[in-house]
Every structure is written in C-alpha cells, then in structure tokens.
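Chemist: Sequence lines, in order, name chains A and B. For the first sequence, the residue numbers in the numbering used here are 486 to 590. For the second sequence, the residue numbers in the numbering used here are 40 to 267.
For the record, the hints were derived by calculation from the structure and aren't laboratory data. All of these numbers come straight from a predicted model, not from anything done at the bench. It is possible that some hints are incorrect.
[To be verified] With a Cα cut of at most 25 Å, we get these calculated SDA-like pairs of lysine to any residue:
id: 1; chain 1: A; residue 1: 576; chain 2: B; residue 2: 224
id: 2; chain 1: A; residue 1: 576; chain 2: B; residue 2: 202
id: 3; chain 1: A; residue 1: 576; chain 2: B; residue 2: 107
id: 4; chain 1: A; residue 1: 576; chain 2: B; residue 2: 172
id: 5; chain 1: A; residue 1: 576; chain 2: B; residue 2: 115
id: 6; chain 1: A; residue 1: 576; chain 2: B; residue 2: 223
id: 7; chain 1: B; residue 1: 172; chain 2: A; residue 2: 532
id: 8; chain 1: A; residue 1: 576; chain 2: B; residue 2: 65
id: 9; chain 1: B; residue 1: 172; chain 2: A; residue 2: 571
id: 10; chain 1: A; residue 1: 576; chain 2: B; residue 2: 238
id: 11; chain 1: A; residue 1: 576; chain 2: B; residue 2: 230
id: 12; chain 1: A; residue 1: 576; chain 2: B; residue 2: 226
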Amino acid sequence: MIAAVEVTPAYYLVLGSALFAIGAGGLLVRRNPLVMFMCVELMLNAVTLTFVTFSRMLDDVGGQAVVVFVLVVAAAEVVVGLAIIVALLRKRPGATADTAALLEG
Amino acid sequence: MIELIVFVFAAAVCLGGAVGVVVSRNPVHSALSLVATLFGIAVLFVAQEANFLAAVQVIVYAGAIVVLFLFVIMLLGVDESDELEVEPLVGQRTAAAVVGLAVFALPVMAFISTDFTATGILGDRDPDVADIKALGELLFTRYLYAFEITSLLLVIAVVGAVLLARRPPGRVDEIVDPGQTEHEAALAERFARAELDAGYLPKDSDTEESAAESDAEGTGTRPEEVRS
Chain A
486 MIAAVEVTPA YYLVLGSALF AIGAGGLLVR RNPLVMFMCV ELMLNAVTLT
536 FVTFSRMLDD VGGQAVVVFV LVVAAAEVVV GLAIIVALLR KRPGATADTA
586 ALLEG
Chain B
40 MIELIVFVFA AAVCLGGAVG VVVSRNPVHS ALSLVATLFG IAVLFVAQEA
90 NFLAAVQVIV YAGAIVVLFL FVIMLLGVDE SDELEVEPLV GQRTAAAVVG
140 LAVFALPVMA FISTDFTATG ILGDRDPDVA DIKALGELLF TRYLYAFEIT
190 SLLLVIAVVG AVLLARRPPG RVDEIVDPGQ TEHEAALAER FARAELDAGY
240 LPKDSDTEES AAESDAEGTG TRPEEVRS
C-alpha cells in the first residue's frame, strides 16, 4: 500500500460508492421527509463525483457536462419536492413518510 | 503526495457529513452536515481539475439548495427530533443495512482487485484550454438540445412549486378566519376516518406527547389535527 500513495481514480470511485451507500441506507431508515430528501441529495452527489472522476479518467469533458445537467435536475427536484413537503406538513403537522400514504384531497 | 493529503481530508469531511445527515436527530443538523459533504465534494472536484463545477457546486448546492432546506425547516417548525427507536416497518433497518452493504460491496471488491499501478488516465487535458471553456463549447454544441430542454424543466418546476405551495384560497392567514376552527375540526374528523379505513393506528402515547408539546409552545398548531 505504501507504493500506492498516488491517488488513483479508484479512490474517488470507492468514496463515491460509500457516499451512495450511506445515502441509500439513510433514505431507507429515516422517516422525516426532509431528511429523506437530503439523503437523495447525498446519492446524487455521489453519482456526480463518479462522473467527474470518469471525466478525468477518460479525459473527456462530457462527464462534466452531465454533471451540469444533474445539478439542474437536482435543483428542480428539490424545488418541487419541498413544495410537496410544505403542502403535506401544512395539512398534517408532524407527518412522516408513513402517513403520506393517507394523502387524498 | 499533496493530492493524497487533500483526498484524505476531503473524503473524511464527506463521509463524516454523510453519516451526520443520516444520524442527526435534528433536521437542522442534518442540513448542516449536508453542507460539509457538499464542500468536501467541491474540494474533490478541484482536485480533479473540475474548477467550474466546484464553484457551481458551492453556489448552487450550499448556497441555494441547502438554504432552501433550512428555509422549509424553519418555516414549518419541524425541528423536533424524530424518534429512531421505534421501527414501524418490521425489518426495515435490516433491509437498509443489506441494501447499503450490497451497494458498497461492489466497488470495494473492485478496489481490492485493482492493480494500482494502472491509473487509467489516458493523458492530461490540454492545459491551455480551461475546463470552463471546454465545458461551454460542449454544452452549446453537442448537448444543445439537452440544454434547452433543461430550461423547460426549470420553468415547469417553478410553476409546479408555485401551484403546490400556494395556500388554499379563502384562507389568507393562519390566525384569523371565521369558521376556521370548525373547518379544521371537520378536516381532522375526515383524517381520522381515513386513518381508520387505512388501518393506521398511531400509538397513543407519542401523539399525546406531541399534542402537549405543541400546546405548550403555543405555535398555533391545532391539537385537533395532531390528535386524530
């Protein structure tokens, strides 16, 4: 391992996978809709990191272009998702993801 | 060598923040941990010569998205901690652990079996061309359609957010409205009925607790709705 002091793309990929795993686990474990959303953001960022790593690895800026699109989609998703959460929590204070199944009208 | 130091520190910040997001009981702490993770990823972007993306990451994520999260947390007052002891879906945590480990195991196996002398880097990018310039050229030539569709997506998101977060008409303020309490009592009754129909039975102890809490704070939450 001493010989492998140089940071290879594999390090970044493993870090990205670790972040993705933590995000996925958190999404499954937590019930507060806001925190679940943050876990989704974690997963998106893990994928972003992977894209940038491959972009450098293959020397292709296309990976970074994809990251720009991921950012835009994440922003749109957060806006709509938070609006839904606001509407939900205004109707039922203290609602969790379990009670969201009862939403009708 | 310097890249290794940068990587280790940034990775530690990233992982610590990520664990903080999941483990924190208070959503505000989760949001702040998320900022730490985003900054760590921005540092890793810089380490990988994606300077423009690092700036965008800090501006858009830490500057806009996390602030939006914090706004919603503060606006709704959902800064009460949610209890982690009760497991409503049996086996949920085990499933989460299995899925998380499975996702994590694949790259770790790849990492273990990697020959570290092969970096996979085909060659350095032309240092004369800044990454923002190359990225801009690519966005406005090859990915032009995707870029334009992105603008459509943003418009739709804005319209959707405005529609969803709009208050129902005829209810301007939370405090004063003749007949508001009757309306809310009817709503609470309806919810109680829906819950009975769906077979959802809340535990008595914690709902009473939260009702008592909201009473003590006097934040204007309606105990009729909380009880249901």
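Chemist: Could you run down the list of hints and mark each one as holding or not?
Modeler: Verification of the supplied hints:
{"no.": "1", "hint": "576/A <-> 224/B", "verdict": "holds (12 Å)"}
{"no.": "2", "hint": "576/A <-> 202/B", "verdict": "holds (15 Å)"}
{"no.": "3", "hint": "576/A <-> 107/B", "verdict": "holds (20 Å)"}
{"no.": "4", "hint": "576/A <-> 172/B", "verdict": "violated (48 Å)"}
{"no.": "5", "hint": "576/A <-> 115/B", "verdict": "holds (11 Å)"}
{"no.": "6", "hint": "576/A <-> 223/B", "verdict": "holds (10 Å)"}
{"no.": "7", "hint": "172/B <-> 532/A", "verdict": "holds (23 Å)"}
{"no.": "8", "hint": "576/A <-> 65/B", "verdict": "holds (21 Å)"}
{"no.": "9", "hint": "172/B <-> 571/A", "verdict": "violated (39 Å)"}
{"no.": "10", "hint": "576/A <-> 238/B", "verdict": "holds (20 Å)"}
{"no.": "11", "hint": "576/A <-> 230/B", "verdict": "holds (10 Å)"}
{"no.": "12", "hint": "576/A <-> 226/B", "verdict": "holds (9 Å)"}
The structure fails to meet hints 4, 9 from the earlier list, while all remaining hints are met.
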